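A.B. asks: Protein chains in written order, with the numbering used here: chain A, 175 to 476; chain B, 13 to 375; chain C, 19 to 282.
It cannot be assumed that every hint is accurate.
[Stated by the list, open to error] With a Cα cut of at most 20 Å, we get these calculated PhoX-like pairs of lysine-lysine: (1) K345/B / K311/B; (2) K391/A / K426/A; (3) K345/B / K323/B; (4) K120/B / K119/C; (5) K311/B / K323/B; (6) K119/C / K174/B; (7) K391/A / K293/A; (8) K176/B / K201/C.
Just so you know, these hints were derived from the structure itself, not from any lab. It should be emphasised that the depicted structure is a prediction, and the values quoted were computed from it without experimental measurement.
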Amino acid sequence: MMLAPAQNLSQRQRRRALALVAPALLMIGVFMLVPMGIAMVYSFLTPDSFGGVAPPVTVESYIRFFFDRDLDDTLRFDPTYLQIFWRSIFQAVLTTLACIVIAVPFAWYMATRGETTRKILVLLVSIPFWTNMLVRTYCWVLLLRDEGLINMGLQAVGITQQPITFLYSDAAILIGLIYASLPFMILPVYGTLEKVDFRVVEAAFDLYASRISILRKVIFPLAMPGIAAGTLLVFIPTLGAFLQPDILGGGKKLMIGSLIQQQFTSSRDWAFGSALAVILMAAVLASLIWAALKRERMEQLG
Amino acid sequence: MTASLAALSPVGHRVAPTLSASVSASETASRELVGVRGVTKTFGAGVSSFNALEGVSVSIKRNEFFTLLGPSGCGKTTLLRLLAGFDQPTSGQILLDGDDIAGLPPNKRPVNTVFQSYALFPHLTVEQNVEFGLVQQGVQREARQRTVERMLQLVRLDHIAKRKPNQLSGGQQQRVALARALAPQPRILLLDEPLSALDFKLRRGMQVELERIQRETGISFVLVTHDQEEALSMSDRIAVMDAGRILQVGNSTEIYERPNCRFVADFIGEANLFPGSAVGWVSPYVAVRPERVVLAIHKQSMPISLPGTVKEISYLGATTAFTIELTDGSVVKSQRNDAPQGLDSGSTVWCSVHPEHIIELEG
Amino acid sequence: MIRKGFSLKSVPESAFVTLLAMIFLYLPLIVLVVYAFNQNRVSTIWTGFSTIWFERVFADDNLRRAAWNSLIVALVATPVSTLLAIPAAMGFERELRFRGKAAGEALVALPLVAPEIVTAIATLIFFRLIGLQAGLLNVIIAHIVFCIPFALLPIRAQLRVIPRDIEDAAFDLYGTRWGIFRKITLPLLMPAIAAGASLAFVVSLDDFLITFMVAPAGATTLPVYLYGMLRVGVTPEANAAATLLLVVSIAVVALSMALTSRRT
């Protein structure tokens, strides 16, 4: 009998909690989760001639990801799309690694400064974090193009006579991606290192002689939780990047993000575009689950 | 030890009359303000569940300074939260003037709390903090202002009514918290370790203040603390708690002079504990306070007088503390000011105890 | 082997990397701003300071309209997403565990986790399917969705910092749920709400890809218009327009940071 009021109370609390979170969740649910579900359905339909989709239900879009259909309807393995997908993963991995290499010493430097310097550095890193990605990507066109600052500098110094073509290459895209992602790695790594008691580290540090071993055996392990968080923040957006391949790759070096965008604009194949989006989302979820499992294992160990 | 003994003295004037046969049963009931009846509080469910309180029953009287004393994790704060209404008991009743209030939320109970962290509203002035409860109760403006003024005078803060909490010292914040909780004139004031954040000197001052305020307002105070000195010096009655149960309830003298179990004897002050059989007693255990262990060079004519070797001596000013190993290997502590001169580590002494100073313990 | 007096605070390599990274982060932005003020049409050579390109940009009717659109979208999406985020933050942080909390947390993080292009095409498909052709409203709805988690972040963080004791004390002092929220929680939350709102504002103002895919004709925002300018090629007008966008977002972020740091 005594249980009744307590149970009523927790029931009321649950209802109140739901009422509080419901509006935001409904908004995201209706205008994001449901549309994603619909996109998934679209990926199993056939493109019609008006840039929409129609029955019948088919897995043709997924087959197209791997194969090309000849005129006589035989399937021939075609690596074009797989290569684009592979390039996306490769670029995302390279970007993540480059960000780690820069961010760890950077964050270490930040964390070992005084209060005021730290605040200024955090501010300086945060500003690009929040400025317009389109503008930031465009800036690199000004630097990298044939008449750009870098080529002019190289010619002025006399290293080269002719401009080197930097733009519209994988390297240009990579630079753009690193540029966009770097703050996403620096800030979480700094967040981790900031809490480290450096006196303890210094005490243990005499054991290691070379700077490389300091980095490997002291700094890196301390920064690990931040690196893990930063990796997700860098890897996932990079995997689906559109602006960098579009602007710095000139639409020639496609990544999966720009390939999807193309299906919904010039190619008008919404079914295939949806299938690509499903594949991308699957890759994202896979990396999230992998990260969660890894974190769980690390927590169990530590 | 010295300190806790000294702490006993100011209590003299307020030692509650030991309720004996002279007080009839009905009179006891009418004096009861809060009745906690068989309250159990279980947290969690299934295998990971545990009982923070197990069948706790206690009665708090009108106009009384009541203290819940125990080590951390004993359930005293859980009991306080049940009284305040922040948690509901899993089973059992909480009666206020005979009505079961166990299901009422905190804002429907005439019970206010002084939080350990003070929990002052940082964006409001001292005045507005004290006024908050009155505003929520819908008290008229003039009446509100009068009460706030009176409360700030009571805690001697009327000169800083317009300040914000972050401009106050710890002691001042404590007084604001007190005034704020007293302003709506609750039936009971709950104090959760209110002095733990203050430094030693301020703490002694606040103890005296709290006693004064309790007397002046006539509101029942329920104090939670793990500090036995604080409990002994301020309380009319003390409930000693351990592992979710109340072990003993009594006034300071009773708790100190006549503990009923090993835990209470050991937790309140210091005690030499022996199995009853070791000194020829019937009860399972006995305790002897160090200040009752008389040291002498020769055997004394007391029924209990045992030889031993001095292991440690520390001079404490008013008294000297001795650690003595008896011939059977057990260790006895003595703390008095009449030990024989010239004792040294390794000296042989006789430890003697008057039979009336042997405290029988139930378990 | 043992070097005495060596301090980890002065690993010189880290200072060097930091310097290079700072140049890497800021050089492109500085170059953009410098070019925007360059008198020369062929922006490669500096021939003198001029604000002519900004004047041209301000005179561009289409750009002005796009800027207005951006402002309208941000001014609607910001308060709506913030008003949705405040109760959600209270629900997540104050109402203990309720069934489906983990699922709710995952859903609310979805706009942060999903690649922008996926959100963009899904929203495009959805709007086409339900036949929503409401001009700016399409853009506003899409913006509200992805602004919610940004508005939510600082509010939740602040709620975690406000001691529960303070709200408990108000509850103990006869406060009602609404009374406690209005008189105690909300005033203490105000700086975080302002910070959340300004983050939502920046994110809305800066968004390109989702707007680009979702916006019907006539609902062009500033970044989408700028993208069109950039497609044509590197022009001083584009530099000036990009600089304007840069300045606006930095200004809003600076405001948000000022609000957050005042909290402590």
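A.B. asks: So, for every hint listed, does it hold in this structure?
C.D. replies: Verification of the supplied hints:
{"no.": "1", "hint": "K345/B / K311/B", "in the structure": "holds, 18 Å"}
{"no.": "2", "hint": "K391/A / K426/A", "in the structure": "violated, 42 Å"}
{"no.": "3", "hint": "K345/B / K323/B", "in the structure": "holds, 10 Å"}
{"no.": "4", "hint": "K120/B / K119/C", "in the structure": "violated, 29 Å"}
{"no.": "5", "hint": "K311/B / K323/B", "in the structure": "holds, 19 Å"}
{"no.": "6", "hint": "K119/C / K174/B", "in the structure": "violated, 42 Å"}
{"no.": "7", "hint": "K391/A / K293/A", "in the structure": "violated, 28 Å"}
{"no.": "8", "hint": "K176/B / K201/C", "in the structure": "holds, 16 Å"}
Checked against the numbered hints given earlier, this structure breaks hints 2, 4, 6, 7; the rest are met.
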